[in-house]
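**Q** Protein chains in written order, with my numbering: chain A, 1 to 254; chain B, 1001 to 1248.
The reader is advised that the hints may include incorrect statements.
[Stated by the list, open to error] Covered, in the sense of this in silico footprint (three residues per stretch, anywhere, with C-beta under 8 Å from a C-beta of chain A), are these stretches of chain B: (1) 1124–1138; (2) 1170–1177.
[Claimed, not checked] Going by beta-carbon spacing under 10 Å, a handful of chain B positions derived as facing chain A: (3) 1047; (4) 1051; (5) 1052; (6) 1058; (7) 1061; (8) 1068; (9) 1072; (10) 1102; (11) 1103; (12) 1110; (13) 1114; (14) 1115; (15) 1241.
[Claimed, not checked] With a straight-line Cα cutoff of 20 Å, these simulated EDC-like cross-link-like pairs (lysine to aspartate or glutamate) come out: (16) B/1218 x B/1150; (17) B/1100 x B/1090; (18) B/1125 x A/251; (19) B/1218 x B/1025; (20) B/1054 x A/251; (21) A/254 x B/1124; (22) B/1080 x A/151; (23) A/246 x B/1057; (24) B/1054 x B/1025; (25) B/1166 x B/1242; (26) A/254 x B/1014; (27) B/1109 x B/1090; (28) B/1126 x A/58; (29) B/1181 x B/1014; (30) B/1126 x B/1090; (31) B/1221 x B/1162; (32) B/1166 x B/1190; (33) B/1243 x B/1226; (34) A/254 x B/1090; (35) B/1126 x B/1156; (36) B/1020 x B/1030; (37) B/1080 x A/86; (38) B/1166 x B/1178.
FYI, nobody ran anything at the bench for these hints, they're computed from the structure. Note that the structure is predicted; figures quoted are calculated from it, not measured. Beta carbons are placed, not taken as given, at the ideal position from N, Cα and C, and that holds for glycine.
So you can see what is in the structure, the chains are spelled out below.
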Amino acid sequence: MKRKLPNITSKLPSILTICLILVIWQGVSMAGIIPSFMLPAPVTVGKAFIGDFPLLMEHTKVTVLEAFLGLGAGIVIGFFCAVLMDHFDSVYKALYPIIVITQTIPTVAIAPLLVLWLGYEMAPKIVLIILVTFFPITIGLLEGFRSADPDTIRLLRSMGATRTQIFFHIKLPSSMNQFFSSLRISVSYSIVGAVISEWLGGFSGLGVYMTRVKSAFAFDRMFAVIFLISAVSLVLMWLVEILQKKCMPWENVK
Amino acid sequence: MAELITKHITKQFDNRTIIKDISIELHDQEIVSLLGVSGSGKTTLFNIISGLLKPEEGQVLLNGTDITGQAGMISYMLQKDLLLPYRTIEDNVSLPLIIKGTKKKAARKMVRPYFEEFGLSGTEKKYPSQLSGGMRQRAALLRTYMFSNEIALLDEPFSALDTITKSAIHRWYLDVMEEIKLSTLFITHDIDEAILLSDRIYLLTGSPGQVTDEIIIKEPKPRRKDFNLTSQFLEYKKTIIEKLENTR
């Protein structure tokens, strides 16, 4: 409970900065320094957001669903990769370069290929999200497993613990911090990944909405959807934080 | 009955002999110290007794059975408490039981009665970070005891504590040992600690480390509170220091 207060004050500077930027932006638009068709004023964007709200929510549902399915699968795959790579050094040596290579392929290049192979429905989106999310999860968990204290592992071994017991009693809990840091990154990647793949081919979702408003030159609605995507990512990251606090109660004790 | 014997233990690393021909005995309910300077191979011997290392020669016998190189027979406690930060004290203490296959709830029930005896009442649901250094070492000792109520191997368990906490915990330790009758092998470089707590002291000296002397502390137990200020205590200390100097 006591921690809540400093949290608000620590966020105050950033909130003020954002407000200031919005005010300046509104002022610049109203003074006519930048024409409104190039940069719509925040108030116009807000109006567009309210006007399109039901439609935006329809598309958000699709995007969030894709992100969740992709992220869920990404976590499962990342977990198994990390466990195998931690357990067998040969698997580590075999998989690590491949995993790194998957991260060097530009998302925008692979997304159309996935559409070509898997169609315009959800499948290519989910595969793309898996590709962008499992990497941080794998690496985070792997580093977490390896950060486990060797003396503690030795102590458990001296108690006769098996490798599985050492994994569940030491390695897995030791990796929780890194896992949640990675999860925060992966959550935002999953939304961005979903939007990009929708942008490059699909029937619904925020990315599809973006392509439509772009071709209609409706930049107020374009900005509205950009803000919405940021907001969705922020909410999800915040949910991860809450989940982390629930899962790691020992971090919050005083 | 608990009895730990090592017979002629020799260990080498890269053709360098670390310890040579170590034969020591720990009898039932005895507190025995292995006193040695740094580099005398204390930790190596410790790892051999706990089964984490295999010696080139010699045997470790627990109650007459050869347990050389077998982990899971004798538990130990280190200077670092090694409590799991993400587990409550009660679950930390239950860990050895859980590893042996006891269910979590049953293990908790089994450890609870000991909290009072170890001066840990009220800490059951706390996390290690909420406890002082001295309390954490008590919890670590209780965990060691839950692993085996016969023999414990303690490697400089109190050396990270400050002087005042340390003397308090020494007194506490002797009190607890009166109650729980745990045979203990202490590994230490602290001469005062060794005299204060032990029934017997082995001196481990030289390179490779060898047992060069055995000193029996005749002071009866429970020991006087001011034993460490008596002339007998200083006499023991003098003897030990002289012997350590002579073997250099």
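**Q** All the hints need checking, so say for each whether the structure fits it.
**A** Evaluation of the provided hints:
Counting residues of the segment 1124–1138 of chain B whose CB lies closer than 8 Å to any CB of chain A gives 4, which reaches the minimum of 3, so the coverage claim holds. Residue count for the segment 1170–1177 of chain B with a Cβ under 8 Å from a Cβ of chain A: 0. That is fewer than the three needed, and the coverage hint is violated. With a cut of 10 Å, the hint placing residue 1047 of chain B at the interface with chain A holds, because the nearest CB-to-CB distance is about 8 Å. With 10 Å as the threshold, the beta carbon of residue 1051 of chain B comes within range of chain A, its nearest partner Cβ sitting at about 6 Å, so the hint holds.
A hinted interface residue such as residue 1052 of chain B counts as satisfied when its beta carbon comes closer than 10 Å to some beta carbon of chain A; here the least separation is about 6 Å, so the hint holds. Nearest Cβ of chain A to the Cβ of residue 1058 of chain B: about 19 Å, over the 10 Å cut. The hint is violated. Taking 10 Å as the C-beta cut-off, the interface hint given for residue 1061 of chain B is violated, the closest approach to chain A being about 17 Å. For residue 1068 of chain B, the interface hint is violated, the least distance from its beta-carbon to any beta-carbon of chain A being 14 Å, above 10 Å.
At a threshold of 10 Å, the smallest CB-CB gap from residue 1072 of chain B to chain A is about 2 Å, leaving the interface hint in force. Annotation: interface hint on residue 1102 of chain B violated; nearest CB of chain A at approximately 12 Å, more than 10 Å. At a threshold of 10 Å, the smallest CB-CB gap from residue 1103 of chain B to chain A is about 14 Å, leaving the interface hint violated. Residue-level restraint check for residue 1110 of chain B is violated (minimum Cβ-Cβ distance to chain A is 15 Å; threshold 10 Å).
Interface hint status for residue 1114 of chain B: violated, as the beta-carbon distance to the closest one in chain A is roughly 17 Å, over 10 Å. Because the closest C-beta pair between residue 1115 of chain B and chain A is about 19 Å apart, greater than 10 Å, the hint is violated. A least Cβ separation of about 31 Å between residue 1241 of chain B and chain A goes past the 10 Å threshold, and the interface hint is therefore violated. A hinted pair counts as satisfied when its Cα atoms are at most 20 Å apart, and residue 1218 of chain B with residue 1150 of chain B does not qualify at roughly 23 Å.
Only pairs whose Cα atoms come within 20 Å are accepted, and residue 1100 of chain B paired with residue 1090 of chain B is accepted, the gap being roughly 16 Å. For the hint linking residue 1125 of chain B to residue 251 of chain A, the alpha-carbon distance of about 14 Å falls within 20 Å, and the restraint holds. Taking the CA atoms of residue 1218 of chain B and residue 1025 of chain B, the gap is near 17 Å; set against the 20 Å cutoff, the hint holds. For a cut-off of 20 Å, the pair hint linking residue 1054 of chain B to residue 251 of chain A is broken: about 39 Å separates their Cα positions.
At roughly 15 Å between alpha-carbon atoms, residue 254 of chain A and residue 1124 of chain B fall within 20 Å of each other, so this suggested pair holds. Note on residue 1080 of chain B and residue 151 of chain A: the hinted pairing holds, with a Cα-Cα distance of about 9 Å set against a maximum of 20 Å. Restraint check for residue 246 of chain A and residue 1057 of chain B: the C-alpha separation of about 52 Å exceeds 20 Å, so the hint is violated. About 19 Å separates the Cα atoms of residue 1054 of chain B and residue 1025 of chain B, which keeps this hinted pair within 20 Å; it holds.
For the suggested pair residue 1166 of chain B and residue 1242 of chain B, the alpha carbons sit about 25 Å apart, so the restraint of at most 20 Å is broken. With a C-alpha separation of about 48 Å, the suggested pair residue 254 of chain A and residue 1014 of chain B falls outside the 20 Å cut-off, and the hint is violated. For the given pair, residue 1109 of chain B sits about 9 Å from residue 1090 of chain B by alpha-carbon distance, which is consistent with the 20 Å threshold. A threshold of 20 Å between alpha carbons decides the hint, and for residue 1126 of chain B with residue 58 of chain A the separation of about 47 Å lies outside it, so the pair is violated.
A C-alpha spacing of about 40 Å is found between residue 1181 of chain B and residue 1014 of chain B, which places the hinted pair above 20 Å, so the restraint is violated. Between residue 1126 of chain B and residue 1090 of chain B the alpha-carbon distance is near 8 Å, which keeps this suggested pair within the 20 Å criterion. The suggested pairing of residue 1221 of chain B with residue 1162 of chain B is violated, with an alpha-carbon distance near 25 Å, which exceeds 20 Å. Between residue 1166 of chain B and residue 1190 of chain B the CA atoms are separated by roughly 11 Å; this keeps the pair inside 20 Å, and the hint holds.
Taking the CA atoms of residue 1243 of chain B and residue 1226 of chain B, the gap is about 25 Å. The hint is violated against a cut of 20 Å. Taking the CA atoms of residue 254 of chain A and residue 1090 of chain B, the gap is near 18 Å; set against the 20 Å cutoff, the hint holds. The hinted pair formed by residue 1126 of chain B and residue 1156 of chain B fails the criterion: a straight-line CA distance of about 25 Å is larger than 20 Å. Annotation: proposed proximity of residue 1020 of chain B to residue 1030 of chain B is violated, straight-line Cα distance about 24 Å (limit 20 Å).
Between the alpha carbons of residue 1080 of chain B and residue 86 of chain A the distance comes to roughly 26 Å, so the proposed pair goes past 20 Å and is violated. With a CA separation close to 18 Å, the supplied pair residue 1166 of chain B and residue 1178 of chain B stays within the 20 Å bound.
Violation of the numbered hints given earlier is confined to hints 2, 6, 7, 8, 10, 11, 12, 13, 14, 15, 16, 20, 23, 25, 26, 28, 29, 31, 33, 35, 36, 37; the remaining hints are satisfied by the structure.
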